[in-house]
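Protein chains: 2
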Amino acid sequence: MKQVKVLAFDVFGTVVDWHSSIKREVEAMNLDVDSDVFALAWRAGYAPAMKRVMSGELGWTKIDDLHRIILDEILQEFGVNHLSEVQKVELNLAWHSLDPWDDAVEGLTRLKSHYTICTLSNGNIGLLTNMAKRARLPWDCILSAEVFKAYKPHPDTYLGVARTFDLQPEEVMLVAAHHNDLAAARECGLKTAYIERPIEYGANHIKDVSPVAENDFHASSFIDLAEQLG
Amino acid sequence: MKQVKVLAFDVFGTVVDWHSSIKREVEAMNLDVDSDVFALAWRAGYAPAMKRVMSGELGWTKIDDLHRIILDEILQEFGVNHLSEVQKVELNLAWHSLDPWDDAVEGLTRLKSHYTICTLSNGNIGLLTNMAKRARLPWDCILSAEVFKAYKPHPDTYLGVARTFDLQPEEVMLVAAHHNDLAAARECGLKTAYIERPIEYGANHIKDVSPVAENDFHASSFIDLAEQLG
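Residue numbers (our numbering), protein chains in the order written: chain A, 242 to 471; chain B, 242 to 471.
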């Protein structure tokens, strides 16, 4: 893998543990809902919301604003009617304060010594920057759907990383905990590395993390990936 | 200045010493030209090239490509005809390897502990990332004209920083060694800090670094700025 120069990371679920972090914030606000189910519902609204943007139904809308649209819907579904506007704004910012997985900072730091490491997330730049600052994620560069004005899995995002660094697609490797994201990157010619995050959806909803043969790497953590890459 | 949350830095001349770095690269390639004058000529082509983009004469063109257009012109002017394409590509990449001013890394590191620090440069994202990695500039985020598809002093760049972080313009401060850049930022409502870089154009061309009353801060270095900000 000598030719890979840039490692681009999916963020939600791959670098940070959104489920337990959102659950924690929901509990801190005493919403009187099942915080596990509430976190899953909020996240479940994410892909359909991005589809509304990519279909043209909505103009370009950043994730902060999509998160807020979904939040307003699920607060109603869950019968939560007592939050003030200030509280809703605060709750929506929970996505800026997601905790990294235990191996993330050490693994990224090791990978950074041999590669340029950047985000390639559907999260907006401000969200990713605030998250990185709080969690001490040592990115060389924060790239986002917001830079390319397209959400993954649109090819403009994967190829956008290569173009940003004047590289061929095969000189970029996407690192993600989601096989569909990796498959779309591979279609564009990128290398791919899968990271096992079995409790991405919480300890009560164990995710199948079986390998897919098409990925160039399959690792249990960023530290494992750093060791495999040498 | 409690309300300022983001410090956005001009880069060429403010964070890095383009003149001596370009001079060094030109000398390393044995071009048989006056490296001081060559460096100044290359830089002098920069503003007119960006104007060609902003006037619509050229479509969106990143600085790497503008630097190359200018390079081809000045190589001809200086009578340099022996460079291969590979050598021209390499020379153009000199702008990715500019050395930071002596106070830059320490000053940025101190400022980073109290503020979000980002670039706001006309340089493209890849250039700024490569530069930061080499020089160990500890940016929280790399913002560029390339993100906003407009070159400074267009308001979309200054206001783009505020929008990126969901802030009011006065919560962002531009830090720069150029009064015209700061004046344009101030027009958009940003706070401004001037940094003295008297030898930006080389020791033979000392720059007037007199204060302008309209700036919120005037500092001799990033360390001085950090001390003034507390």
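Keep in mind the hints are simulated off the structure, nothing from the lab. Nothing here was measured: the structure is a model prediction, and the numbers come from that model. Fair warning: there could be bad hints in the mix.
Chain copies aren't distinguished; within one or between two, either way the pair holds.
Under the rule of at most 30 Å between Cα atoms (straight-line distance), these lysine-lysine pairs were calculated in the DSS-like manner [stated by the list, open to error]:
1) K246 to K303
2) K264 to K246
3) K374 to K246
4) K264 to K329
5) K292 to K353
6) K329 to K246
7) K329 to K353
8) K246 to K353
9) K292 to K264
10) K374 to K329
Here's how the hints hold up against the structure:
no., hint, result
1, K246 to K303, "both (28 Å within a copy, 21 Å between copies)"
2, K264 to K246, "between (36 Å within a copy, 28 Å between copies)"
3, K374 to K246, "both (24 Å within a copy, 13 Å between copies)"
4, K264 to K329, "within (15 Å within a copy, 55 Å between copies)"
5, K292 to K353, "neither (33 Å within a copy, 36 Å between copies)"
6, K329 to K246, "between (41 Å within a copy, 22 Å between copies)"
7, K329 to K353, "between (36 Å within a copy, 29 Å between copies)"
8, K246 to K353, "both (10 Å within a copy, 27 Å between copies)"
9, K292 to K264, "within (25 Å within a copy, 50 Å between copies)"
10, K374 to K329, "within (23 Å within a copy, 38 Å between copies)"
Violation of the numbered hints given earlier is confined to hint 5; every other hint is satisfied by the structure.
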